[in-house]
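Sequences listed follow chains A and B, in order. Here the first sequence is numbered in my numbering, starting from 1 and rising by one per residue. Here the second sequence is numbered in my numbering, starting from 1 and rising by one per residue.
Just so you know, the hints here were simulated from the structure itself, not pulled from any lab data. Check the hints yourself; a few may be wrong.
Stated by the list, open to error - Calculated pairs, BS3-like style, for lysine-lysine (alpha carbon to alpha carbon, straight line, at most 30 Å):
hint	chain 1	residue 1	chain 2	residue 2
1	A	Lys-54	B	Lys-62
2	B	Lys-62	B	Lys-92
3	B	Lys-78	A	Lys-31
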Amino acid sequence: MRCVTRTLVRVAALFSLSSVLPAAALEVGDKAPAFTLPATTTEKLSLADYLGKKNVVLFGFIGAFTPT
Amino acid sequence: MAAFQLDLPKFESRNAQVVGISSDFLPASQAWSEKMGLTFPLVSDLPRTTLEAYGFLDTDPKSRLYRYSKRAYVIIDKSGTVRFKKVLDNPKELVTNDELLAQIDKLK
């Protein structure tokens with residue numbers, strides 16, 4: 001009985017851990033996560049705007065007025 | 001940023017759209033975009049959900065850039081699949097436009 005309890009506790013611990021850890025990192029070959037965000041050139045820009053039309057180079061930068 | 005603008009015709013000739021993303025609020029990005037004369041879009045991800053989804057966000061509480069975007073790059077093809085990804089931990093590093101253009105050429 002003690003053994004069963006111990007196993008149950010371990011399983012529960014694993015589950016709680018997986019909910020805390022971030023989802024697997026985005027990798028090459030994955031579907032790009034969709035987004036719709038305010039943009040400088042248009043009110044809202046969606047990744048979907050380019051699907052089937054253009055390749056997209058999305059680059060992250062630290063912030064405005066930072067050296068690039 | 002200026003380098004992207006300078007090489008924009010090279011990206012455009014490869015049918016690639018350049019988009020910048022940061023956690024800045026839009027007026028800051030707009031002011032900067034104007035100052036730099038950028039014609040490609042910068043998007044504002046204040047809630048940081050997209051930065052997180054792409055793995056761009058610095059999540060190290062000890063980092064000076066905690067909760068900011070790292071310098072990072074993905075190339076997404078027309079079908080919406082990620083074909084290249086590089087996230088730099090050192091903000092002084094850079095992926096050159098030549099490398100990005102070469103990656104785009106590989107898509108064809």
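Here is what the structure says about each hint:
At most 30 Å may separate the alpha-carbon atoms for a hinted pair to count; Lys-54(A) and Lys-62(B) exceed this at roughly 38 Å. Note on Lys-62(B) and Lys-92(B): the hinted pairing holds, with a Cα-Cα distance of about 18 Å set against a maximum of 30 Å. For a cut-off of 30 Å, the pair hint linking Lys-78(B) to Lys-31(A) stands: about 11 Å separates their Cα positions.
Figure legend: structure checked against the earlier numbered hints; the only hint not met is number 1.
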